[in-house]
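Q: One-letter residues, chain by chain:
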Amino acid sequence: MSVVTDPARPVAVPDEPGTPVRKRKRGTFSFNSMSPTEKVVRYVLLVFVLLITIGPFLWQLSTSLKGSGEDIYTRIPRLLPAQPTLDHYGAVADTIPVWDYMRNSLQVAVLVVGGNIIGSSLAGFALSRLQFKGRKLVLGLFLATLVLPGEVTIISQYVTVREFGLANTLFGVALPGMIGALNVLLMYNAFRSLPIEVDQAAIVDGANVWQRFRYIALPSVRGTISVVAIFAFIGAWDDFLWPLIVLTDPDKYTLTVGLQYLSGTFSNNPRLIAAGTMIAFIPIVIVFATLQRFFFKGVEEGAVKG
Amino acid sequence: MRYHRWFSPWVLVVPALAWLLVFNLWPSINTVILSFTNARPIGGGTFVGLKNFEALLHDEQLRYALLNSVIYMIVCLPFLTIVPLALAVLVEKKLPGITFFRTAFYTPVVASAVVVALIWQWILDDRGLVNGMAEKLGVISGPLPFLSDQWLLLFSAISLTIWKGLGYYMIIYLAALGNVGRELHEAAAVDGASAFRRFTNITIPGVRGTMILIAILISVSALRVFSELFILSGGNGGPGGRDSSVVMLIQQYSQGFEGNLGYASALSIVLFFVTVVPMLALARLNRKAADA
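Residue numbers (the numbering used here), protein chains in the order written: chain D, 61 to 366; chain P, 19 to 310.
Errors might be hidden in some of the hints.
Here are the computed lysine-lysine pairs in the DSS-like style, where the Cα-Cα straight-line distance is at most 27 Å [unchecked claim]:
#1 P:K69 x D:K99
#2 P:K112 x D:K357
#3 P:K154 x D:K99
#4 D:K357 x P:K306
#5 D:K357 x D:K99
None of these hints come from the bench; they were simulated from the model.
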């Protein structure tokens, strides 16, 4: 028998007490040692799907970098620009205030992310860890709203926001989405899976509700919080219909509405629109690529069960 | 026994509850109220009885929108329930570099619908990538009017929705696949079952519940489609406005001097009933299958 040492794991650290050793070997024979043919077939399929999913983005990136003198309509598509240039990115900013739009989108996204993290973790904690009259009813209300597609109430939501005097403001765009019912339920689920004994021990030690929330429960649900944050950011950054309804003043547009405005006015230059779409696309890809680790971990923990 | 003052839970719940009441429950009630008025985007509005609902019956654009929605749903359903499952099986196994592939497959989901619709608009342009390559290969003599023909535009939008949705449903299936017994697969493999047989006889029954859920999600989101059709049609719903969706009509009536929030609310109520039908039907199907 050969001794297997995992270099990534310090030898002296003992397993946490109470954690059952669940390092079951993944599969046995045919599952662990995949045949070379299967491996090749799998990679061929993976690359094929990759081309379908990523190809259009690369094509757009390439168009945005092609020089004005270059024929972008060529019959034989050329992925690498012959005269690469960043001019069109500057030209977008001359045509529409694209950096202001980006700041507007960012403002909305930050408000939505902050509101959801705070509001849904507070409510999720109370609903799952504290006993009180009316708890079931409140929980039922949150569940019931999931059935309702957001577009059904979007008109009267606009009327409400207008009543608050927030029509045509960025705060009005952010406000309704600042605490989502789905996020409250996600946090509720995450808090519920923590063992109740920890709470009881903290109560014996004299911890009050806030201390139990802040120092015991909250640090244990970081995975779900990051999933909530990622989805809230992506949702706010990508949203189109709601800002389109709320905002009438071109100065206040968010990136998505601004892009549509750009394409409506200057559709004759595909390079320009391509550069504009890349300006909206690249930040969200960076955000997602940086945080995908937490996202896929959250998926495995069951945070995304629909 | 309680270990907190009676109001502590309420202090924590109140912000979320306030949002729920002000931005979900009240708007649901108010939608019904508004649908009986002639409220304008600028403000005001008086009670007009059933006038908006009568107008719905004679709205030709709404008829097209409903037809489009049904086609949208029927085409999306099979593609988006099956293909993402196959993708999930493909990325399930931890091969080197699999995280990269998973992230890449998810990218269209992360991108804004506006961004991807503008990208597809360029690809499907009369002088774009698809037409250019097809002409080069001699498949067609002139460019196909993907963005100006009523039906081609609709199907372009549908394929865009399918392409953008693949990664989303793949991830949901991936989470569900974790619960399908590995032992079953191994036993079947020992017995000599082919990969395809194992997929149809073990994987699919194993994720049946998730599949129903996904079918519901697909139907509802197909009926709610907005950005893809809006951008691809240049914001005007294609030739004669025949490529509108119900949500596009709602948006159209929400703006400007021509706007009519009362009528938009009546359309919202139509949208509500349209989305509830497939939800109930599929939930019923689920129960029946569970009983059998």
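Q: Can the restraint linking D:K357 and D:K99 be considered satisfied, given a maximum Cα separation of 27 Å?
A: holds, 25 Å
Q: Taking 27 Å as the top limit, are the C-alpha atoms of P:K154 and D:K99 close enough?
A: Outside the cut-off at roughly 35 Å; violated.
Q: Run the distance test for P:K112 versus D:K357: straight-line Cα separation, threshold 27 Å.
A: holds, 14 Å
Q: Just to be careful, I want the Cα atoms of D:K357 and P:K306 compared with a cutoff of 27 Å; is the pair within it?
A: violated, 34 Å
Q: P:K69 and D:K99: Cα distance at most 27 Å?
A: violated, 64 Å
The structure fails hints 1, 3, 4 (numbered hints given earlier, in ascending order).
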